[in-house]
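Sequences listed follow chains A and Z, in order.
Under full-length UniProt numbering, the residue at position 119 of the first sequence is numbered 119, and the numbers go up by one with no gaps.
Under full-length UniProt numbering, the residue at position 361 of the second sequence is numbered 361, and the numbers go up by one with no gaps.
Check the hints yourself; a few may be wrong.
What the hints assert, rightly or not - Straight-line Cα separation of at most 27 Å, DSSO-like style, residue types lysine-lysine; simulated pairs:
1. Z/Lys116 <-> Z/Lys350
2. Z/Lys316 <-> A/Lys218
3. Z/Lys350 <-> A/Lys218
These are computed hints drawn from the structure, not numbers from a lab.
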Amino acid sequence: MRTSTPARVGQYTALLAYLVFLAFPFLWLVSTAFKPPRELGSLHPTWIPEDPTLANFRQAFDEQPLLHAALNSLLAALAAALIAVLVATPMAYVVARRRTRLAKAVTGWVVVSQAFPFVLLIIPMFLVLKNLRMINSLPGLVLVYVVWALPFALWMLAGYVRAVPRELEEAAAVDGAGRVRTLVSVTAPLLAPGIVATGLFAFITAWNEFFFALVLLKTPEKQTLPVVLTHFIGAEGVADLGPLAAAAFLATLPSLVVFALIQRRITGGMLTGAVKS
Amino acid sequence: MRARLLALVLLLLLAGCSSGGSRDDGPVTLRFQSLAWQEESVAVTRELVAEWNATHPDVRVEYVQGSWDSVHDQLLTAFEGGEAPDIIHDASDDLADFAYGGYLADLTDLLPARLKADIPRRSWETTTFGDGVHGVPFLQEPRVLIANARWLRESGVRIPTPDRPWSWSEFRRITERLSGPGKYGVAWPLKEPVSATLNLSLSAGGRLFHRGADGKVTVRFEAADQVVPRTIHDQVGTDRSAAPTTLGSGGSDTLPGFFGGRYAMVPLGFSYRQQIVQQAPKGFEWQVLPAPAGSGGPAQGVSPQTLSIAEDSPHKKEAAAFIDFLLRPSNMVRLALGDWMLPTGTQALKDPALHTARHGWATGTALAEHLRPAPAQTVRGYPEWKDKVATPALQEYYSGAIGLRDLRERLEEDGNLVLARYQR
Chain A
1 MRTSTPARVG QYTALLAYLV FLAFPFLWLV STAFKPPREL GSLHPTWIPE
51 DPTLANFRQA FDEQPLLHAA LNSLLAALAA ALIAVLVATP MAYVVARRRT
101 RLAKAVTGWV VVSQAFPFVL LIIPMFLVLK NLRMINSLPG LVLVYVVWAL
151 PFALWMLAGY VRAVPRELEE AAAVDGAGRV RTLVSVTAPL LAPGIVATGL
201 FAFITAWNEF FFALVLLKTP EKQTLPVVLT HFIGAEGVAD LGPLAAAAFL
251 ATLPSLVVFA LIQRRITGGM LTGAVKS
Chain Z
1 MRARLLALVL LLLLAGCSSG GSRDDGPVTL RFQSLAWQEE SVAVTRELVA
51 EWNATHPDVR VEYVQGSWDS VHDQLLTAFE GGEAPDIIHD ASDDLADFAY
101 GGYLADLTDL LPARLKADIP RRSWETTTFG DGVHGVPFLQ EPRVLIANAR
151 WLRESGVRIP TPDRPWSWSE FRRITERLSG PGKYGVAWPL KEPVSATLNL
201 SLSAGGRLFH RGADGKVTVR FEAADQVVPR TIHDQVGTDR SAAPTTLGSG
251 GSDTLPGFFG GRYAMVPLGF SYRQQIVQQA PKGFEWQVLP APAGSGGPAQ
301 GVSPQTLSIA EDSPHKKEAA AFIDFLLRPS NMVRLALGDW MLPTGTQALK
351 DPALHTARHG WATGTALAEH LRPAPAQTVR GYPEWKDKVA TPALQEYYSG
401 AIGLRDLRER LEEDGNLVLA RYQR
């Protein structure tokens with residue numbers, strides 16, 4: 001069925017409008033990051049800075065330990081994503097493949113656990129971590145991020161496992177493959193996009209997370225990027241806008257790069273034609 | 001092989017995350033959480049910490065950067081977990097719950113006589129909760145009118161001074177005179193309408209919170225409390241001399257319109273001058289004017305920045321000595337200049353650097369003696385009253401959605417129900 005030209009034009013216009021809507025805040029952030037203070041206070045702001053400057057970046061780096069904070073964020077986010085995926089993948093397989101009451105209960109609990117606001121959890125978590133002597137340490141923060149990301153990661157991965165046809169595993173078994181061989185050679189490659197997507201979700205959640213990091217990390221050399229970014233905000237919400245935009249722009253770059261590198265891995269289509277229905 | 005590689009990476013990551021040691025065992029180490037955030041104030045605070053450390057090898061102070069944006073939640077959790085910094089930078093209106101909760105040390109016997117005598121009693125009142133003093137007020141800022149100097153000069157209106165400020169009715173007349181098509185005499189940034197309204201209402205004799213003989217506080221919205229809200233309401237709704245669009249804005253949001261010639265004046269905190277110096281177009285003439293005054297003179301409420309000591313700190317004496325060092329008159333002046341605010345100390349206030357006409361310093365300094373404790377800050381339940389009752393009620397009143405009678409009913413009836421819960 002061919003789409004008519006007006007309909008196609010309409011589709012592309014809608015898509016373009018959606019893209020502009022999504023990109024606007026980011027482009028504005030970039031524009032602000034390169035503007036000198038006088039342009040920030042202009043009544044008629046321009047998209048392209050009239051007198052572009054790197055002074056905001058210089059000031060941001062001079063005032064706050066951005067690189068160190070970014071390294072802390074990277075370590076915490078990578079560790080959290082890796083552990084969350086390692087723990088969630090086998091769990092998700094069991095939950096998706098075994099139709100037991102326990103699996104249903106686990107799924108239910110995962111859904112319920114999403115309903116808890118984190119402000120409710122922060123003080124108990126703080127006390128538990130304090131007893132474990134893990135306050136003010138990145139491993140403590142990683143533990144919290146894993147706990148926080150795990151339910152949704154499990155939920156997400158279980159969906160991917162269900163999308164892998166059982167028939168493929170049965171076919172492998174018929175061909176003589178053992179349980180482990182089937183999992184490693186048949187299921188795991190087909191789950192790869194799901195694992196990548198889940199890891200990405202856990203990474204970005206941890207990379208952007210602010211409140212746990214604020215509460216758990218005390219010394220400046222351990223603080224993560226979102227916490228350091230708030231140091232550009234003063235009393236009554238007054239912000240040092242230029243350096244804040246410069247630092248925030250740099251903070252969004254890793255997420256963009258990660259997405260750009262692996263976006264092909266997370267788009268579907270790998271299963272197309274695998275099974276005749 | 002792959003699994004081994006994965007395990008190795010994981011181990012390396014966790015090793016990279018390791019906590020890296022514990023507290024020093026030798027000299028006493030104090031953690032000082034500072035909320036300084038502007039380039040100059042961060043630099044001054046760090047310099048002062050370095051100067052202390054250079055001269056006090058036995059008591060090392062570690063600078064910890066906090067954030068105004070999240071300080072209350074962060075401190076609450078730190079107190080609950082027994083992990084609070086030894087020396088805490090905050091504002092007096094944020095201290096009530098921590099002070100009554102027993103988290104902040106009573107400084108009455110810890111501070112030296114010099115510091116106690118240097119800061120006026122009215123400032124100490126902002127940090128006195130019950131019988132104890134739980135913070136040292138050290139920086140404060142009045143709300144002032146930042147004005148387009150050329151616009152005012154050309155209009156021929158009388159320019160107010162700290163000795164002869166405008167009255168509220170005169171202010172209303174003048175803003176009407178300054179207005180024209182697409183131009184407004186004033187732009188009120190009232191994203192947070194409660195503290196602005198309450199603090200300025202002191203000038204008209206407003207109190208709003210009345211403490212009875214039993215110590216319980218009730219809200220009464222009387223004639224004196226109504227002067228400021230009615231002026232703003234009439235400027236917006238009747239005279240069209242105040243921009244309606246800025247009622248939901250923060251102070252910074254009004255600056256482009258101010259620089260662009262849409263608003264003749266903007267009521268802002270004294271420290272906003274730094275942003276104005278940075279952002280004003282070349283050749284833009286601006287000046288600092290005192291806020292209007294009423295029967296109470298140019299009085300207004302403030303919630304000074306404070307330094308407190310955590311009750312759990314094992315080194316309270318050393319922490320008090322550091323606060324004393326930080327707030328020596330010359331150091332207090334450096335902190336004030338770095339933050340573009342006024343020091344509370346009487347000695348520091350005499351410094352010539354704070355009496356120059358440049359950037360309106362002299363006008364602000366002349367107002368210092370009229371600053372009083374913000375009316376609400378020692379009232380328990382004030383944050384809830386502010387968020388749930390007063391903020392929406394005032395926003396609706398200023399935008400013209402409700403009248404003065406409805407405003408009074410909500411502030412008093414709904415407000416007293418909230419306060420009563422905290423005073424059983």
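Point to revise | Restraint status (C-alpha distance of Z/Lys316 to A/Lys218 at most 27 Å) | key: The hint holds at about 19 Å.
Practice item. Quickly compare the C-alpha distance for Z/Lys116 and Z/Lys350 to 27 Å and report which way the hint goes. Key: holds, 17 Å
Exercise for review: Take a quick look at whether Z/Lys350 and A/Lys218 sit within 27 Å of each other, Cα to Cα.
Suggested key: violated, 37 Å
Of the numbered hints given earlier, the model fails hint 3 alone.
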